[in-house]
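Reassemble the complex: the two chains are provided individually, in unrelated frames, and hints are given to aid placement.
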Amino acid sequence: MSGRPGRAPEAVATAMAAATGADVLRLEGVVAGYGGRTVLQGVDLCVAEGEVVGLIGPNGAGKSTLVAVASKVLPVSAGQVWVDGVPLARLGRRALARRLAVVPQSAPLPEGFLAVEVVRMGRTPYLDPWRGPRSVDEAEVERAMRTTGVLALADRPVESLSGGERQRVVLARALAQRPGVLLLDEPTSHLDLRYQAEVLHAARTAAAEGVGVLLVVHDLNLAARACDRVVLLTDGRVVAEGPADRVLVADRLARVYRTEVDVFATPGGPVVVPRV
Amino acid sequence: MALSCLAFAALVVLAAGVGSVRIPPAEVLGAVGRGLWATAGAVVHRPPGGVEAVGVDPATRVFDTIVWHIRLPRVVLAALVGAALALAGAGFQGVFRNPLADPYLLGAASGAGFAASLAMVGGGAWAWLGGLGVPVAAFAGAAAAVAVVVALARRGWTLPIVPLVLAGVVVGSCLAAGTSFVLLAAREQAAGVLTWLLGSLAFASWGRVGTLLPPVLASAAVLIAAARSLDVLQLGERTAMQLGLPVEALKLTVVAAGTLATAAAVSVAGVIGFVGLVVPHAVRLALGPDHRRLVPMAAVWGAGFMVLADLVARTVIAPAELPVGVVTALVGAPFFLLLLRRKVAS
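Chain order of the listed sequences is D and B.
Position 173 (the first sequence) corresponds to 776 in my numbering; numbering is contiguous.
Position 200 (the second sequence) corresponds to 203 in my numbering; numbering is contiguous.
Honestly, the hints are just simulated from the structure, not real lab data.
Certain hints may be false.
Unchecked claim - Selected chain D positions facing chain B (Cβ under 8 Å, derived; list incomplete): (1) G645; (2) R697; (3) L699; (4) V705; (5) F716; (6) V719; (7) G725.
Stated by the list, open to error - With a Cα cut of at most 25 Å, we get these calculated DMTMM-like pairs of lysine to aspartate or glutamate: (8) D:K675 - B:E240; (9) D:K675 - D:D838; (10) D:K675 - D:D731; (11) D:K675 - D:D687; (12) D:K675 - D:E631; (13) D:K675 - B:E251.
Cβ atoms here follow ideal geometry from the backbone N, Cα and C, with glycine treated the same way.
With the rest of the complex left out, here is chain B (with noise of 0.2 Å):
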């Protein structure tokens, strides 16, 4: 773990010393320090005028501007968008008990995509909520088509799993017919559309990390916390329950902590893809089927790999960027079709 984590921050600053121009890593470390130092003393002093780095020679005071107020947002916000998507792909796996669910199984995703196709197309009745719209439509839009799937498939007070799957999909692809329906019917703004629903990290800021981060992190904890409930419950329903497990609540909890991740993410990064399955998988297989190991790992693997992809998406034809939501599924769909394989010869 403590190499994971190493190798994550070594991660970050080599992700935010490369772009158009090149930081050398000792550079990065020191606008990071001076970054962080600048923010708690302004915190601490609030002094008139902003913060001024003296004695400090141009050249720095450029990479600093660099590193601390473009890089470092999105290389953060990517790190966070990856550990929520993995951490929801964890806790889905574990409650599906199947290794294919992914945090977009219960219509988190098209919800999302739909509200958020609806606000961009729609401008105009969003705009009291100025820049926020579209992600305050987009989690809106997750959560209330998970909450609408959970609903459907509930009988009584529990939560039987494949009436909840069959739910997912049935809601999933009715709201991405109604996005296909957006999307169509205001064609001068597809492209925006398109682009937000391919997932970008374009926007970052580290207003956005704010939003982001609580419930991360309110996830995480609450994952965190089942984790070895999970692993109870992959002994099967049933036998968990004459374990003493409260069941119903456990997968009510996950699914519901899942959700707020994901749409937390979705809300500031667009719906990208096969992270939440992908990385959970490879944890797996790494580290094993404990879920005490996997949760913080995946969250932890799931920011590495997302800083990485989204590394590749601003460089590899930069200036112009990829969707990173492309890159993710360019590494992940062939990772993914390997481990399908590797299932169906086992």
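The shape of chain D in the complex, shown without the other chains (with noise of 0.2 Å):
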């Protein structure tokens, strides 16, 4: 790889990137790691509003390390990160909050919580320790409840909802935090087929209403499904973005992933099976 770091040589054209409206994310030539190790090497994306973007790529690639730099939990040694058109480094935590939500990759709930309580700490950011939610707090929660189907479900302990269903409510916690941009870091993993149609759908509904969600997602079919585009992570590097049919592409992924792939073209989009 030679030239700028992050400007792949094989990038797709991004013909449909800003082509919904403007930028909710935008990440440019970000390097960020942990101690000493780099895991981002100059990364470039960015997420339109009502955009639904797939981060796709091998284990290790920095699609969390890209989530955590987001999210300001990790800091950027190079680069810039902007937020609804504000730089990262002018936002604090509890503003941040207020344009960014986080669905963690792996997010086990404290156990004696009602699903509803769970909502309701989607509005941490707009409280203050004395004052409780008001009414405005509390339609959004019902609000967020609804989109993601779990209004049902407000008065049931957090330990008695399935995998799926305490999935949505965590998605429906972070869109009660009114954010511009929806991260989701593989919300899907040890799902079934059912309550991962679930979760994506509601990701969708919520991009429906002007929310720029970006996806983590580790399987490909899924990212091809759920995306208006997909953008192709490996080494900390942006390899390649553009819609799903024109980044999953057999050899790429045979290089990317370093293993025999066959792509099927189907009405749906492209489906990626390894070879064994």
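Given below as structure tokens:
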């Protein structure tokens, strides 16, 4: 690789980018890592409002690191991040949490809380210690729970919920933050097909309401199905981005994942199957 | 909550009535009423020669003296100490997200113990403080030990939990060794020091109640204000940050408030164990993990538990007394083991 880091030589045309509206999340030349180990080696990425962008790539490519950087849990060592057009460095935690929400990869919920109490925690960036939730907060909580279809579960203790229900409760908590950007870090891992569909449907519903969604996902077929656009990350660099059928190409995937794959074109998008 | 407060009030009346002289509940209430009236009157009018209760029969006067000047300060002090330790325990368990955390986790007890034992043994050097030498030393020792632990564990402006607990353990055992050395070096005073270390409410007075009340109230206010944030923290530090919570400030605030309550309690009553561990635990089992309920109820239950423990401590081998720390540990240890077994089983 030569030239500017992150400007991948085989980048697919990004005709769809910025087609929908303003960028709610934008990364330029982001370098970040843990201790001495650099994980992201200059990443450019943007998510427009109302758009679902899939972030794919092999294990260790830096997908979760990117989520950590964008949510200001991990500092950048070089490059810039903008959320809603505001540089990340200028946003405090509270201000950021009103613009960007994260559904974490493994989200253990503390036992004993009701689903509605967990969703209400999404209003944290709007509350202060001495004043409880007001009617506007309760309205947002209800709206978020309706969007993800968990309103009927409001008074159930979280430990009594199924994996898919719990994940949708966490998604509702994120939506209750009223974010412009939603980062979903592997929201469907460990879920069976029905729950995968439910969670992704809820994410699409949020996007339809104008939220920009960055979906970190392992399953390439799910990414192809659920996303407007996918970004393929490997070794901390973007190697391809664009519509799924342009990015998910057999020889590229074979190179990136270091295994032979077959790609079948279907009416619902490309289907990738490894050769065994 | 109303029920718990009512039960607590009944317990206070009972505890103030039981002792070498038994006083019926009605007389206790009467004595408390007259005591409050007299105090309020003294504050307002400041009559020369003190307050005279007029038209009351002599037995009642004796009861009044016993209840108002001897028993009640002790009962109220016990309640405040119990509330302080349980509040601190609830705060620490919330911040460490570990139900096995207690107020002494960061070295407050061993710091107080070491400083207090030095003050008792080297009494002369502390003479200028009068009778306050030991309480002041204990408070300073507790606060200093926690401050050192926090300073050792911090990374810049963050306070990572695992190094914090490790530093607490290391500093704690270091200071405990120091206390053992002091005990060995000053053998003739060892019994007195040990009694203090095990905790006692025998030196109760309205004055001590007065010193303990402000720090406990301040700590309670801070912890109750932090309750909602503590709930959010249970999602994990990273998720709490992503929800906009100032996680590091919260940890530091709760540790400071908990340490204030703990140091204040220890300075007037010695090192009383298990209340801060067991009471928040029991409340969580009974009422759930919501800190907005857990924190205030831990204070009420802690106060009640302590009043009861002190009642047992001063009556069970009357006229002698058990150190109250022994009683709380005798109840607390088996309860703790039971919880531990349940935790392992689940």
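A quick look at each hint next to the structure:
At a threshold of 8 Å, the smallest CB-CB gap from G645 of chain D to chain B is about 24 Å, leaving the interface hint violated. Using the Cβ-Cβ criterion of 8 Å, the hint placing R697 of chain D at the interface with chain B is satisfied: the shortest such distance is roughly 4 Å. Interface restraint check for L699 of chain D: the shortest CB-CB distance to chain B comes to about 7 Å, inside 8 Å, so the restraint holds. Contact between V705 of chain D and chain B, as hinted, is supported at the beta carbon level, the nearest pair being about 4 Å apart and thus within 8 Å.
Because the beta carbon of F716 of chain D sits about 7 Å from the nearest beta carbon in chain B, less than 8 Å, this interface hint is met. Against a cut-off of 8 Å between C-beta atoms, the interface hint on V719 of chain D is violated, since the closest Cβ of chain B lies about 12 Å away. Evaluation of the G725 of chain D hint against chain B yields a held restraint, the C-beta minimum of about 7 Å falling below 8 Å. Proposed proximity of K675 of chain D and E240 of chain B is supported: the alpha carbons are some 13 Å apart, at most 25 Å.
Proposed proximity of K675 of chain D and D838 of chain D is supported: the alpha carbons are some 21 Å apart, at most 25 Å. Distance check on the hinted pair: K675 of chain D and D731 of chain D sit about 21 Å apart at the alpha-carbon level, within 25 Å; holds. Under the criterion of a C-alpha separation no larger than 25 Å, the hint pairing K675 of chain D with D687 of chain D is consistent with the structure, at around 14 Å. For the hint linking K675 of chain D to E631 of chain D, the alpha-carbon distance of about 15 Å falls within 25 Å, and the restraint holds.
In summary, the hint linking K675 of chain D to E251 of chain B is supported, as the alpha carbons are separated by about 14 Å, within the 25 Å threshold.
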